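Chains as they are written, first to last, in our numbering: chain A, 66 to 470; chain B, 227 to 1098.
One or more hints might be untrue.
As the list claims (entries may be wrong) - The following label-pair restraints were derived from C-beta to C-beta distances:
(1) 987/B / 284/A: 58 to 66 Å
(2) 984/B / 260/A: 25 to 33 Å
(3) 355/A / 984/B: 30 to 38 Å
As the list claims (entries may be wrong) - Stretches of chain B that chain A covers, calculated by requiring three or more beta carbons in the stretch to come under 8 Å of a beta carbon on chain A:
(4) 985 to 994
(5) 1030 to 1038
Rather than coming from a laboratory, the hints here were simulated on the basis of the structure.
Remember, predicted model here, so these are calculated numbers, not experimental data.
Ideal Cβ placement from N, Cα and C applies to all residues, glycine included.
The residues making up each chain are set out below.
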Amino acid sequence: MGERPALVVVGNGMAACRLLEELNRLTPSRYRITVIGDEPGGGYNRVMLSPLLAGGTDEATLLTHPRAWYQERGIELITGTPVTRIDRTRRRVHTADGREFAYHRLVLATGAAPRSLPVPGADLNGVLGFRDLRDARHLLALPRCRVVVVGGGFLGLEAAEALLRRGHSVTLVHGRSHLLNQQLDAVAGARLQRDLQQRGLAFVLGQRPAALEDDGHGKVAAVRLTDGRRLPADVVVQAIGIVPRAQLARDCGLAVGARGIRVDDTLQTFDPRIYAIGECVEHRGRTFGLVAPLFEQARVCASHLAELGHRRYRFEGTVTRLKIAGIDVLSAGDFEGEGEVITVQDPAGGYRRLLLRDGRLAGLVLYGDVSDGPFYERLWREGRDLGALRLTLPFGAAACGDVAA
Amino acid sequence: MRQTIPHAGEPVRSTCPYCGVGCGLISDGDNLRGDPDHPANRGRLCVKGSSLLETLGEHGRLLSPRIGDRTVSWERALDEVAERFRRVIDEHGPDAVALYVSGQLLTEDYYVANKLMKGFIGSANIDTNSRLCMSSAVVAHKRAFGEDVVPGCYQDLELADLVVLTGSNTAWAHPIVYQRLAAEKKRRPAMKIVVIDPRRTATCDLADLHLPIRPGQDVALFNGLLAWLDQHQAVDRAYLEAHTRGFDATLAQARDGLGSWSGLAAQLGLAQADLECFYQWFAATGRTVTLFSQGINQARNGTDQGNAIINAHLATGRVGRPGAGPFSITGQPNAMGGREVGGLANQLAVHLELDNPAHHQAVADFWGAPALARRPGLMAVDLFRAIEAGTVKAVWIIATNPVDSLPEADRVRAALRACDTVVVSDCVSDTDTLECADIALPALAWGEKDGTVTNSERVISRQRSFLAAPGEARPDWWALCQVAKRLGFADAFDYRHPAQIFREYAAMTGLARRFGKCLDLTAAAALTDSGYQQWTPRRWPFGESERCFSDARFSTADGRARLIPCAPPPAECRSAELPLTLNSGRLRDQWHTMTRTGRAPMLFSHRDEPFVEIAPRTAARFGLEQGGYARVRSAAGEALVKVRFDDGLAEQALFMPLHWTDRFTGRARVDALVPALTDPHSGQPAFKHTPAMIQPWQPRWHGLLLGAMAAPAVDYWARVPVDAHHWRYQLAGQAMPDETTFMAWLPEAEHWLSLDDSAAGHHRRVALDRHNRIIAWLALAPEPVHANLEWLAGCLAQPVADGQRAGLLLGDPGDGGVDLGVVVCTCFQVREGQLRAAVEQGARTVSELGLSCRAGTNCGSCIPELKRFVAD
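I would like the entire structure built from these sequences, with the hints used as guidance.
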């Protein structure tokens, strides 16, 4: 057996780890694999950062791929030094510490960076992100203080609720008129806000920060809002979205779209030796922030690297759930577009919004009671004609005679 | 809650307040059973009687007098009534005031009302809803016998070898009489039962022969019978010659125009063999009873129809004999008592006549009456016409609901609304008639009233009170006496106890006896108060034969009965616009305008929405669907009801129940459709033959609504009580209501559960109060709304459990409960599905069904329907 081809994976996040697992399953010894990660340790479950911050779990539980895992599989893991350049002509990857790694195949799994507030003062001390383990540790170490979380998406809400649990005084600023506006309609957003307010979280909706104020020592002192209001803050957590990290790709001449690294249905980039997966990619105009499509991309990519070549990546809508203890929210598909809307409201129980298009479930929001989530998810994925179930549909599997459960 | 009177706890014997059978019952206010010692029922009770306790309670009662919308004291209200009556009498004479009373009144109430109006106010303008019920039979009796007397008794039905039931759905309208008959038929299968009815009713279940006669042909049928009897030498010549007059003229009339028997059969719409079978049986059977009721009486020639029946009995000498006689059965609990005291505009008192000077003098003397009326007053239909015309300016309506029960009922309502003074005495607070009242007086209800009633076999029984009067409710006789005193007649109306009134009335029947009448209660004239209290059911005339006219001595001046020539009415002509004939009648589980049965949720399980029945083939012709909606139209009015197929109806026939009022549905008062055509002799309206048209009505939305709310203003609504405080509404309409509209139907609530699917037209709401109790439930949909009604009803006013919330909006607990269909046995709430299951498990007879699921083992009213299950 001659020298094995080299596979270099840039990035050691969840997409990368899943790719390694898939490859290991399909063809454990085809490649000599090197993984180069920014972060200091092994692979961990980023999704669990919110529960970690909320005190529902610990770091050890988060760690999915300790160094030993790589060792046992003969994978070289390089950490703590970022990749600075890709030389596609010579098929070399250069790292900050001056090393270079030759590849036969290269996978970019560089992930995404938190979007920074585009306002004066965003670089002050005390202005944090909530993206990786380092951020989480930083937030866990905060003394009791006043926190302003900017961004009412999943991450911002989870961070805010977790910080509230830690005893901080937390105000969440969200630029839109209702929370989770990507995942929820206004009614569910208002329910969520009400439930979180009851827990003690303060909200400012429909406002954006105009500036972050300096305390005179380079540390943030307050958030100045667009309407002029001033929210005193010892810490500001930015959770206004992510930006695919595509600079490496751009620099080496790969096709990069408005947002991410362009890939085809096999996750291949413009350069056939280079693949890209995860939050850094742009597939058919779409970027990704949730774990399910990342895993699917890893699976497809692995099958091609394994030269099985029998899979294509197709975006499938994702069911999203909020990870805040005691608040169940489920959202899927298109729930606010054209179509026929069915809503069920119970102030003390659940809220449901189903959007039907051509008699088929196009999207849904469940708030409070998500027990019928799997039932609806199946109907939604199958695109089943629901004419006959129209009346009982909003009442879930049991009322529908369990047709799909 | 019900309040029982101090001596309560003791079971009290009383009389059922529903139909004219007059069953005895025993109750302590908490339990109720049939009185085993009462001669009418010997312990049996029908479903209505059995559920009487469910109709009690203070909710919905009229508890204090009102003038307009103001609650006032009795003093104030009585002053107002007396003042207004006095003013009208002074300015316009006594004929400008009127009383309109009811077969629901006790004899004592009736007696006082009659005495006040005829004897002291000086007008005979006192009529009664009995006018609508059996006044044709009254006139028929008077014409034939010289006195309004039912000669026989219920036992005759058990002694007869042939029982002819005509114009009577006995099984539903007089269930205990029917059950006695059914028991005898079972014991003695050889006895023959013939049912003459255009409809194949539940009563036909017992029939050896059903004659589905064309409506309005009874005179032709019984004239034909008379001719047949004569032709077959079956008339009793000796009896006719010794005891009657008029046979020859009557026979001549009967033969007039009579061709062949086949021609007659065709005219009647019957098979010739069936017609001849009936005639043969009648001719051959000495012990024959002909029981007749509203189907005979409620016709433009109701009196002639009654006499045609009596003619056949007189011609065969079958009157007042064991197991033989014509038998008019009344609809109301005390129609007979009213007839006896004379509470009708064309009678004087105690079977005496207004136009007989000797009678007049005797009554004037007895009462010491200063102004005893000399001419007949206005009978019901004419009375309300006079109110409409403004010639009667003040009317006092007691215990009846003419806005629903009179023909051309919308006109009656308009007349009352325009009338200067309408006084209404009622025990409930909300009736279509009370809505027209200027002054409302709270009356006692059954269970609180104390007095006597007479049933259809002349048995006088006590209605006793075992419940305290709620609020300020008072006896009707008391209110009448109070007004009489204010009008200046204190001496003649100084009654303190119903026993005093009864004694006076009993004494007064001595006048009847003096003029050769059967009515004679004089033996009770000296009754003590405790004797009155302990009165046991007794048939008048006391101490003599069970039957009247057994000796063939009649109450006419010459002691002979009269056969009355009866000409058949001109043939009914249907128009192209109104090609159908609308019949009306009672249901098994409801009573009159539902003021009492409408309080018992159980009694709606048999039929819960207003409907029209139609034969399937006719329905197909008019584009109607089973369970759909129909507009029924006549020259007088219109109704919007559900459609029920009934293949027991003839081709051109429609049937609507008489019970639904504006309190229970939007537009289904059948009497609003009935034209005010009356019998020329009795003034009784023809309720059974209304020319009508039907057409389908297709709603675009349906709704189901539960809660304590008033009826929403929608095209169709019908409601049933769920309990003392909540209703269940069925709704339907054309334009789908928007959210603002339907939310206005619902109460203020703390929390709402909701479902909205605007594209599909589905909307649901559950309203919760701050204790999380369910206060209202609404579902709207383009299709009829299905829900587990029983479960939902049980949820009302209860806190909602967490696991229930989704099921609550759905209207079903989701425990896999299956719809068992409608309730067949009301007593034990046995549903169709349970009966079918019992049959599958091997039940082959009605009694096996009873063993299996108890159906039919209490009141037995459902047995005709149970038979269908074992027969299928």
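Status of the hints after comparison with the structure:
Checked against the given bound of 58 to 66 Å, the beta carbons of residue 987/B and residue 284/A, roughly 60 Å apart, stay inside it. Here the CB-CB span from residue 984/B to residue 260/A is close to 26 Å, well matched to the stated 25 to 33 Å. Checked against the hint of 30 to 38 Å, the pair residue 355/A and residue 984/B passes, with Cβ atoms roughly 31 Å apart. Only when three residues or more bring their CB closer than 8 Å to a CB of chain A does the claim for the region 985 to 994 of chain B stand; here the count is 3, and the claim holds.
Evaluation of the coverage hint for the region 1030 to 1038 of chain B: fulfilled, as 6 residues show C-beta separations to chain A shorter than 8 Å, against a requirement of three.
Of the numbered hints given earlier, the model fails none.
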